[in-house]
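Colleague: Sequence:
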Amino acid sequence: MAANIPDYAPQLQRLMQQAGLSSDRELSQKAGVPEIQLSRLRRGLALQTRADILLKISQALQISLNELLATLAPDYVELEQPASTAIEQEYQRLQATIEQQRASVIQEFQLSSVQILESWMLQWPTAASKAQENQQLRAHKLLPLLRPVEQLLQHWGVESIAPVGAELPYNPQQHQLIEGTAQPGEPVKVRYTGYRQGEKLLYRAKVSPV
724 MAANIPDYAP QLQRLMQQAG LSSDRELSQK AGVPEIQLSR LRRGLALQTR ADILLKISQA
784 LQISLNELLA TLAPDYVELE QPASTAIEQE YQRLQATIEQ QRASVIQEFQ LSSVQILESW
844 MLQWPTAASK AQENQQLRAH KLLPLLRPVE QLLQHWGVES IAPVGAELPY NPQQHQLIEG
904 TAQPGEPVKV RYTGYRQGEK LLYRAKVSPV
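To get the working numbering, take the position in the sequence shown, counting from 1, and add 723.
Read the hints as simulated data drawn from the structure, not as lab findings. Worth double-checking, as some hints may not be accurate.
Computed Cβ-Cβ distance ranges for the label pairs, DEER-style [unchecked claim]:
1. Thr849 <-> Ile829: 24 to 34 Å
2. Ala889 <-> Ser842: 20 to 30 Å
3. Ser836 <-> Ser931: 24 to 34 Å
4. Leu840 <-> Arg816: 54 to 64 Å
5. Glu758 <-> Gln818: 14 to 24 Å
6. Pro892 <-> Gly755: 20 to 30 Å
Remember, it's a predicted structure, so these values are computed and weren't measured experimentally. Idealized CB from N, CA, C, for every residue including glycine.
Construct all of the structure, not just a fragment, from the sequences and the given hints.
Modeller: Rendered as structure tokens:
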């Protein structure tokens, strides 16, 4: 005699209809899980399914984890609230950890790219300033070609401390004297720009006394 295999297809179909989902593929895509996991739920294997997958499916169906298990798990004894809450909190903690790791990888990539571009970043603004002053220089024609690189740095939040040629009060924390001497607050002129990313100083601007 064949074993009695539970069939929870009607219950799952009802939950899908309540959530406005018309097919397994639609639920699978919304939850971000393989369709085979939905087949497992129909066969009464909810309690043998990973907690993170159950949470994704319950969120896609717009119901709580308890409600999903109460509907689809055979011989289900409702979880105590602290237990289900702990599962959801652990899932949220894992999600937050993944986001933090992703942000860290992006920041590391940006910093390594900035290091590769260091020579260009420090030298180009000065060369561009001279090219703008002298329209006869062939380099003047190259200025528009490098605009995308400048836009990329802006997108990363990398900004110059001050433009080349600017005169401003000397600040030893942001400025590096390349000749002469100056006291804090005395006027200096920017010869090579510096950069910062948010609150982090990447390169001090190189200045000289006015």
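Colleague: Check each numbered hint from earlier against the structure, then list the numbers of those it violates in ascending order.
Modeller: Failing hints, ascending: 4, 6.
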